[in-house]
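Colleague: All chains, please: the whole structure from these sequences, using the hints.
There are 2 protein chains.
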Amino acid sequence: MKKVEHIKDAMAKGSWLTYRPEIKILDCTIRDGGLINDHGFEDGFVKAVYETCVAAGIDAMEFGYKADKKIFSPSDNGDWKFCDEDTLRRIVDDNPTDLQIAVMADAERTDYHHDILPKSESVIDIVRVATYIHQIPTALNMIKDAADKGYRTTVNLMAISTIQERELGEALEILAETPVCAIFIVDSFGSYYSEQIRDLTVQFLAAVEGKGIEIGIHAHNNQMLAYANTLEALIVGANRLDATINGMGRGAGNCPLELLLGFLKNPKFQLRPVLKCIQEEFLPLEQKGEMEWGYKIPYMITGQMNQHPRTAIKMRAGENPDDYVGFYDQMIEEE
Amino acid sequence: MKKVEHIKDAMAKGSWLTYRPEIKILDCTIRDGGLINDHGFEDGFVKAVYETCVAAGIDAMEFGYKADKKIFSPSDNGDWKFCDEDTLRRIVDDNPTDLQIAVMADAERTDYHHDILPKSESVIDIVRVATYIHQIPTALNMIKDAADKGYRTTVNLMAISTIQERELGEALEILAETPVCAIFIVDSFGSYYSEQIRDLTVQFLAAVEGKGIEIGIHAHNNQMLAYANTLEALIVGANRLDATINGMGRGAGNCPLELLLGFLKNPKFQLRPVLKCIQEEFLPLEQKGEMEWGYKIPYMITGQMNQHPRTAIKMRAGENPDDYVGFYDQMIEEE
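Each protein sequence line maps, in turn, to chains A and B.
Reminder that position 104 of the first sequence reads as 103 in numbering that gives the first Met the number 0, one-by-one numbering, no gaps.
Reminder that position 294 of the second sequence reads as 293 in numbering that gives the first Met the number 0, one-by-one numbering, no gaps.
Just so you know, not all the hints are guaranteed correct.
Since the list can't tell identical chains apart, any single copy or any two copies may satisfy a pair.
[Stated by the list, open to error] Cross-link-like lysine-lysine pairs, in silico, DSSO-like; alpha carbons within 30 Å at most:
1. Lys-148 x Lys-287
2. Lys-267 x Lys-295
3. Lys-313 x Lys-69
4. Lys-264 x Lys-313
5. Lys-46 x Lys-295
6. Lys-143 x Lys-313
7. Lys-287 x Lys-313
8. Lys-118 x Lys-148
9. Lys-287 x Lys-267
10. Lys-69 x Lys-118
11. Lys-143 x Lys-118
12. Lys-118 x Lys-46
13. Lys-46 x Lys-148
14. Lys-46 x Lys-287
15. Lys-118 x Lys-264
16. Lys-68 x Lys-118
To be clear, the hints were calculated from the coordinates, so they are not data collected in a lab.
In this text the structure is predicted, and so the values were computed from the model without any measurement.
Modeller: Right, here's the structure in full:
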């Protein structure tokens with residue numbers, strides 16, 4: 000726990016003018032946003048986000064999934080569901096920048112032996128393995144495979160808010176012995192309050208102490224706490240922060256990158272390119288009205304009830320998207 | 000500081016299933032929302048908010064200002080700028096409910112000798128004096144006047160984020176000697192982070208220790224932290240919480256009541272009536288497009304820069320409401 004105390008000290012009052020160079024931001028706009036439009040972004044939009052991340056000094060950008068085409072049909076899903084090598088290179092070429100390229104590999108939904116190429120053949124830098132707790136055995140194999148192939152790896156432990164405390168402890172013990180660079184706290188349902196995030200971050204930090212593994216946070220905005228919870232984790236000692244431009248992401252969306260950049264003091268981060276991207280790319284997209292994300296009452300209700308947002312998303316896409324009371328009554332009844 | 004420690008203990012892990020009966024919510028939807036539409040709400044809307052507050056178990060509702068008609072013309076301002084006795088009674092009659100009726104009296108903008116009637120002649124329960132730090136001498140007179148007339152009084156110390164630490168200490172010392180029931184931390188610009196709110200709450204609590212005065216919080220949502228900061232103050236020991244339905248309020252708006260009710264465990268609070276009111280009253284209002292509130296990039300920029308939102312509000316009402324980059328450049332230049 001020394002590390003935690005040390006960081007708490009470093010972040011205490013006197014150091015509002017300093018910054019922690021260890022803090023790294025991953026932009027997951029296209030990956031998490033892809034859950035709204037079946038990963039069907041146009042190249043121009045993806046390229047704009049890429050260039051924005053480069054200009055803003057972001058550390059890594061996640062483009063999408065490496066989904067198994069035997070499970071997910073390419074005719075039903077856009078290119079960013081699969082992140083084939085030539086898809087990525089359409090946008091980043093050989094990526095002659097400091098921005099690291101990341102993809103997400105879902106446990107049990109990725110043909111990783113086949114679809115994750117040796118690092119020497121790929122422009123990808125980071126393979127982010129996403130796993131529910133019951134999939135950890137598969138995730139361990141995937142982490143090893145990607146690490147052996149030469150990638151940096153991280154792991155997103157999803158839906159932590161549904162895991163019993165004892166099982167979480169065991170999971171962390173196992174993950175701390177893998178070659179991952181970072182383990183992410185994932186508030187999949189946007190149900191956590193800051194105090195809970197504080198406790199979780201302390202627990203995660205303790206589990207990786209001395210292992211050279213960082214702790215990250217991936218928050219959702221169902222209760223309008225994605226940014227607040229990201230700050231909370233950061234203050235306690237999480238050094239890997241997920242964020243998205245304009246908060247884009249499934250349902251209530253994610254921690255808005257523009258808010259995070261306003262808080263972080265590292266001069267390498269630039270807010271202006273992000274504002275420009277929002278103005279030029281996101282506002283027109285919003286006006287089209289084809290993609291919805293951000294804080295809305297139905298997402299708040301699933302967040303408060305610690306439920307997957309899928310029922311709220313379905314309701315918003317249905318015939319009575321504004322029937323908040325009917326949705327609330329239904330959720331209460333089904334509880 | 001014992002009180003703070005005690006409350007921290009009470010709120011610690013074991014007590015997520017209990018609640019603090021001392022916590023009281025004031026709904027300021029019509030008062031703060033009135034800053035968007037020059038206090039011109041229709042009676043039906045105000046009545047709906049009133050009935051919602053009653054049904055939801057809210058403790059107090061603030062209807063508007065007691066503004067001086069010699070300074071503010073009734074032809075330019077709606078009825079809720081003045082909250083005349085017969086205006087209030089149009090909605091609440093003799094208020095045969097447990098909901099307390101509050102009005103705000105701005106220092107130097109209220110003819111309080113004349114416009115605040117003796118309590119026996121009024122349906123108002125609480126006079127909330129709002130003051131900038133340099134107006135405190137006037138505010139003290141107003142608090143005494145209202146208390147002498149038989150009202151409960153509270154004081155909102157506005158724009159704390161612009162006050163030097165030493166002056167704040169002196170102000171609190173003075174206010175702690177008045178007959179107010181509560182002193183409110185007001186994050187007028189929505190510029191505070193949770194850690195700062197925590198420190199401020201501790202400071203405010205210490206200043207009123209043993210005086211029988213409660214600490215309250217009035218947060219704005221410029222950095223999407225209104226709810227998070229309200230929770231932070233609550234956890235440290237603030238017992239008076241301001242919130243608005245659907246977060247309605249000037250600029251980025253306020254702490255959304257529906258989020259707060261989702262957190263608080265006191266069974267007297269009911270979420271459903273608030274959802275019903277949002278669905279039936281706020282959605283149609285939003286669709287009209289005449290009133291804008293809630294998190295938006297220009298409000299975020301003024302919040303991050305600890306500036307009054309007036310420049311952002313003006314920009315949103317102007318010819319280029321979506322020119323985020325131009326607004327950012329202008330704000331940086333003027334800093």
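Colleague: Each of the hints needs a verdict: does it hold here or not?
Modeller: Cross-check of the supplied hints:
Taking the shortest Cα distances, Lys-148 and Lys-287 never come within 30 Å of each other, neither inside one copy (42 Å) nor across copies (56 Å). Only between protomers do Lys-267 and Lys-295 lie at most 30 Å apart by alpha-carbon distance; the minimum there is 24 Å, versus 33 Å within a single protomer. Proximity of Lys-313 and Lys-69 under a CA criterion of 30 Å is satisfied intra-copy only: 25 Å inside one chain copy versus 54 Å between copies. Taking the shortest alpha-carbon separations for Lys-264 and Lys-313, only the inter-copy value of 29 Å comes in at or below 30 Å, while the best intra-copy value is 39 Å.
Taking CA atoms no more than 30 Å apart as the test, Lys-46 paired with Lys-295 passes in both settings, with 29 Å inside one copy and 24 Å between copies. Taking the shortest Cα distances, Lys-143 and Lys-313 never come within 30 Å of each other, neither inside one copy (36 Å) nor across copies (55 Å). Taking the shortest Cα distances, Lys-287 and Lys-313 sit within 30 Å of each other both inside one copy (20 Å) and across copies (26 Å). For the identical chains of this complex, Lys-118 and Lys-148 are intra-copy neighbours only, at 6 Å inside a copy versus 78 Å across copies, given an alpha-carbon limit of 30 Å.
Taking identical chains as interchangeable, the C-alpha atoms of Lys-287 and Lys-267 are never at most 30 Å apart, the minima being 33 Å within one chain and 42 Å between chains. In this homomeric assembly, Lys-69 and Lys-118 come within 30 Å of each other (Cα to Cα) only inside a single copy, at 23 Å, whereas the closest approach across copies is 75 Å. In the homo-oligomer, the alpha carbons of Lys-143 and Lys-118 lie at most 30 Å apart inside one protomer (13 Å), although the nearest pairing across protomers, at 74 Å, exceeds that limit. In this homomeric assembly, Lys-118 and Lys-46 come within 30 Å of each other (Cα to Cα) only inside a single copy, at 22 Å, whereas the closest approach across copies is 65 Å.
In this assembly of identical chains, the alpha carbons of Lys-46 and Lys-148 lie at most 30 Å apart only when taken from the same copy (27 Å versus 66 Å across copies). Proximity of Lys-46 to Lys-287 under the C-alpha cut-off of 30 Å is restricted to the intra-copy arrangement: shortest distance 19 Å within a copy versus 36 Å between copies. In the homo-oligomer, the alpha carbons of Lys-118 and Lys-264 never lie at most 30 Å apart, since the shortest distance is 33 Å inside one protomer and 52 Å across protomers. Proximity of Lys-68 to Lys-118 under the C-alpha cut-off of 30 Å is restricted to the intra-copy arrangement: shortest distance 21 Å within a copy versus 74 Å between copies.
Hint check: violations occur at hints 1, 6, 9 and 15; the rest are consistent with the structure.
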